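A.B. asks: Chains B and V, in that order, are what the protein sequence lines are. The numbering of the first sequence is my numbering, which starts it at 1 and goes up by one. The numbering of the second sequence is my numbering, which starts it at 1 and goes up by one.
Source of the hints: derived by calculation from the structure; they are not laboratory data. Hints are not guaranteed to be accurate.
Claimed, not checked - Which bits of chain V does chain B cover? Going by a derived footprint, with three or more residues having C-beta under 8 angstroms, they are:
#1 52-61
#2 160-171
As the list claims (entries may be wrong) - Quick partial rundown of chain B residues pointing at chain V, CB under 8 angstroms, derived from the structure:
#3 Phe31
#4 Gly71
#5 Gly75
#6 Ser111
#7 Gly112
#8 Gly113
#9 Arg116
Note that the coordinates shown come from a computational prediction; the quantities given were computed from them, not determined experimentally. Ideal Cβ positions, reconstructed from N, Cα and C, are used throughout, including at glycine.
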Amino acid sequence: MSTHENGREITFGEAIKEALMEEMHRDSHVFIIGEDVAAAGTVFKVLTGLLDEFGPERVIDSPISEAGITGIGVGAAVTGMRPVVDIMFGDFTTLAMDQMVNQAAKTHYMSGGKLRVPMVIRTTMGAGRRSAAQHSQSLHAWYSHVPGLKVAIPSTPYDAKGLMKTAIREDNPVVIVEDKMMYSLKGIVPSEEYTIPLGVADVKRVGEDITLVATSQMVHLALEASQKLAALGISAEVVDPRTTFPLDKQALVNSVKKTSRAIVIDQGYQRYGVTGEIASVIADGAFYYLDAPVKRIGAMDVPIPFSPILEDLTIPSVPDIVEMAKTLCGRY
Amino acid sequence: MSQDETGISQLDLTELEETTLDHWLNTYRQMIKIRLFEEKTNELYTSAKMPGLAHLYIGEEAVAVGVCEALRQDDYITSTHRGHGHCLAKGAKLDKMFSELLGKVDGYCRGKGGSMHIADQDTGNLGANGIVGGSAGIATGAALSIKMRASDQVAVCFFGDGALGQGLFYESMNMAQLWNLPVIYVCENNLYGEYTPTEKSTSGNRLARAEAFGMDNVEISGQDVRLVYQTVKRLVERARAGEGPAFLLCHTYRFRGHHVGDIDRPYRSREEEEKWQTENDPLKILSDWLVSDKMVEPDLFSQIEEEVRAEVEVAVTFALDASFPDEMEVDAHVYA
Numbered sequence: 001m002s003t004h005e006n007g008r009e010i011t012f013g014e015a016i017k018e019a020l021m022e023e024m025h026r027d028s029h030v031f032i033i034g035e036d037v038a039a040a041g042t043v044f045k046v047l048t049g050l051l052d053e054f055g056p057e058r059v060i061d062s063p064i065s066e067a068g069i070t071g072i073g074v075g076a077a078v079t080g081m082r083p084v085v086d087i088m089f090g091d092f093t094t095l096a097m098d099q100m101v102n103q104a105a106k107t108h109y110m111s112g113g114k115l116r117v118p119m120v121i122r123t124t125m126g127a128g129r130r131s132a133a134q135h136s137q138s139l140h141a142w143y144s145h146v147p148g149l150k151v152a153i154p155s156t157p158y159d160a161k162g163l164m165k166t167a168i169r170e171d172n173p174v175v176i177v178e179d180k181m182m183y184s185l186k187g188i189v190p191s192e193e194y195t196i197p198l199g200v201a202d203v204k205r206v207g208e209d210i211t212l213v214a215t216s217q218m219v220h221l222a223l224e225a226s227q228k229l230a231a232l233g234i235s236a237e238v239v240d241p242r243t244t245f246p247l248d249k250q251a252l253v254n255s256v257k258k259t260s261r262a263i264v265i266d267q268g269y270q271r272y273g274v275t276g277e278i279a280s281v282i283a284d285g286a287f288y289y290l291d292a293p294v295k296r297i298g299a300m301d302v303p304i305p306f307s308p309i310l311e312d313l314t315i316p317s318v319p320d321i322v323e324m325a326k327t328l329c330g331r332y
Numbered sequence: 001m002s003q004d005e006t007g008i009s010q011l012d013l014t015e016l017e018e019t020t021l022d023h024w025l026n027t028y029r030q031m032i033k034i035r036l037f038e039e040k041t042n043e044l045y046t047s048a049k050m051p052g053l054a055h056l057y058i059g060e061e062a063v064a065v066g067v068c069e070a071l072r073q074d075d076y077i078t079s080t081h082r083g084h085g086h087c088l089a090k091g092a093k094l095d096k097m098f099s100e101l102l103g104k105v106d107g108y109c110r111g112k113g114g115s116m117h118i119a120d121q122d123t124g125n126l127g128a129n130g131i132v133g134g135s136a137g138i139a140t141g142a143a144l145s146i147k148m149r150a151s152d153q154v155a156v157c158f159f160g161d162g163a164l165g166q167g168l169f170y171e172s173m174n175m176a177q178l179w180n181l182p183v184i185y186v187c188e189n190n191l192y193g194e195y196t197p198t199e200k201s202t203s204g205n206r207l208a209r210a211e212a213f214g215m216d217n218v219e220i221s222g223q224d225v226r227l228v229y230q231t232v233k234r235l236v237e238r239a240r241a242g243e244g245p246a247f248l249l250c251h252t253y254r255f256r257g258h259h260v261g262d263i264d265r266p267y268r269s270r271e272e273e274e275k276w277q278t279e280n281d282p283l284k285i286l287s288d289w290l291v292s293d294k295m296v297e298p299d300l301f302s303q304i305e306e307e308v309r310a311e312v313e314v315a316v317t318f319a320l321d322a323s324f325p326d327e328m329e330v331d332a333h334v335y336a
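Build the full structure now, drawing on both the sequences and the hints.
C.D. replies: This is the structure:
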């Protein structure tokens with residue numbers, strides 16, 4: 001578990017901005033391009049102040065052209081720059097899929113290792129904002145499916161800052177997916193410089209009876225569920241992979257070898273998704289240690305509805321986790 | 001440069017007076033190198049020595065060579081599925097090209113890219129592309145990078161008329177003009193997108209697309225390498241001087257099919273093909289002029305051809321003898 005108590009309390013959004021600020025000061029090749037990233041500081045007001053610090057040459061407001069700016073990112077990256085391409089909503093990455101999947105992800109391999117694409121695509125995920133079907137999806141499983149891309153899905157300000165800094169320094173395309181419901185979430189971040197390697201999971205809570213593998217905002221649901229389970233005498237361990245690729249398989253397997261039970265919780269659609277992949281990793285690696293089938297809780301396989309009463313039914317909830325954990329632990 | 005009544009720019013020989021005979025002979029050599037490379041590639045296919053397919057550039061040599069002769073080695077290009085000509089014109093070596101086509105480890109991409117993905121950063125080639133119009137953003141991003149690095153390089157985006165149907169192309173042109181980027185979009189209108197005539201896929205005026213963005217635009221015959229060179233030289237000078245992007249429409253013709261396996265070509269007439277090949281062969285247009293205006297002995301062209309043919313033979317032998325990648329290579333270079 002990360003210990004970083006000696007620091008300042010800042011929000012998730014501030015952590016993202018700090019990472020960009022620091023890396024843009026450190027390396028003049030880093031720039032950010034996207035819709036409303038400059039004057040508006042993004043629609044989520046996460047980047048306010050970046051324009052004043054670095055000017056419009058390095059904080060570039062673009063037209064509404066997701067494919068275009070992603071392609072521009074690839075071109076800038078292969079010629080010596082380190083672009084951060086901002087795609088406002090994860091739903092809009094569908095418009096940039098050719099550039100992400102066929103260009104950014106494959107350029108290094110197709111060139112026999114000669115060309116490098118050191119770029120970051122930062123985008124958002126997460127339902128619950130009453131934004132309906134085209135502004136609420138969590139599509140990180142799509143990016144994770146493609147060899148050549150790396151994918152980070154931070155759950156805390158500390159992780160967001162450290163992973164963003166590492167992503168910017170990476171020589172590969174990295175997609176950072178930020179849950180837009182977490183921008184005001186507060187957490188302790190060290191005053192001094194730090195980075196977090198990609199591919200290292202973090203145990204957010206130590207437990208003995210069941211492992212809750214949770215990603216992004218689902219970590220907080222899992223932690224809340226753990227409190228309720230503790231009251232019932234069930235000790236849950238919460239493991240956050242932090243990156244879906246590279247995936248820290250060993251940490252997941254080690255936890256389940258200890259607890260013998262696992263639920264994987266992720267806000268992407270459940271079918272063909274992150275929960276399926278991680279459940280399979282656990283089933284493979286901890287088969288002889290399991291006392292129950294590995295269970296999954298993902299988003300319901302429907303377009304995300306607008307009406308709050310319906311939307312809330314589609315995303316994982318604390319009671320969902322508690323009930324499933326009780327069942328797996330034989331506590332009906 | 002003058003224009004005829006259709007608006008197509010015409011050759012102005014007075015602008016080319018300073019260009020040396022050596023330059024033109026080298027231009028001829030580059031063009032015949034591409035032609036003989038492609039003929040050999042076809043032979044590799046028909047003799048079942050080449051895996052997969054290839055899209056031959058025969059007939060369009062004047063575009064790639066005319067453009068690349070106006071560029072520096074450190075200028076960038078992005079290329080297309082029909083990209084062998086661009087790669088060679090920008091300076092790629094025959095042996096590494098053939099090796100890549102045969103999937104050998106000595107190829108430009110260690111055999112991992114193949115015909116449609118040749119990249120060579122030493123000659124500024126940021127890569128051919130299997131997605132039609134797929135490199136429009138990459139070339140534009142290279143131009144943004146040039147501007148941010150305060151360099152005086154230029155980026156050229158080669159694409160076919162088929163890419164005029166792709167949205168990315170318009171997104172990229174819009175940003176290039178907005179931000180005054182040093183990028184030249186070179187449209188090779190070879191009249192067919194795969195098997196479909198361009199008039200069945202593209203409405204309206206092609207040049208007006210650039211015009212709508214306020215972008216400098218020129219329409220020329222892509223069969224006269226002198227005209228291509230002269231035009232691109234001017235566009236490159238503009239771009240280097242910070243005067244922004246341009247759109248160049250080159251009318252050309254692919255003498256062969258869409259790819260090496262497209263041998264029946266029911267979508268077009270043999271008469272049409274013959275007319276282009278006899279009246280609009282870029283090699284013949286240049287050599288005729290060099291004979292009539294520069295007093296070059298016709299024998300010199302067959303001499304150059306024989307020299308290049310010998311180079312092609314050496315290169316293809318090298319590639320045929322080269323090794324395939326080790327199996328350990330399969331998952332190398334997925335990540336840097």
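A.B. asks: Confirm or reject each hint.
C.D. replies: Checked hints:
Chain B is given as covering the segment 52-61 of chain V, and this is violated because 0 residues of the stretch bring a CB closer than 8 angstroms to a CB of that chain, at least three being needed. Remark: the segment 160-171 of chain V is confirmed as covered by chain B, as 3 of its residues place a Cβ nearer than 8 angstroms to a Cβ of that chain, reaching the required three. With its C-beta approaching chain V no nearer than about 7 angstroms, Phe31(B) sits inside the 8 angstroms limit, and its interface hint holds. Given hint, Gly71(B) at the interface with chain V, holds; its Cβ is 1 angstroms from that chain's nearest Cβ, closer than 8 angstroms.
Interface hint at Gly75(B): satisfied, since its Cβ lies 2 angstroms from the closest Cβ of chain V, which is below the 8 angstroms cut-off. Look at Ser111(B): its Cβ gets to within about 4 angstroms of chain V, closer than 8 angstroms, so that hint holds up. For the restraint placing Gly112(B) at the interface with chain V, the shortest Cβ-Cβ distance is roughly 3 angstroms, inside the 8 angstroms limit, so the hint holds. The beta carbon of Gly113(B) comes within 4 angstroms of a beta carbon in chain V, closer than 8 angstroms, and the hint placing it at the interface holds.
For Arg116(B), the suggested interface contact is upheld, since its CB lies about 5 angstroms from the closest CB of chain V, less than 8 angstroms.
Taken one by one, the earlier hints fail for this structure only at number 1.
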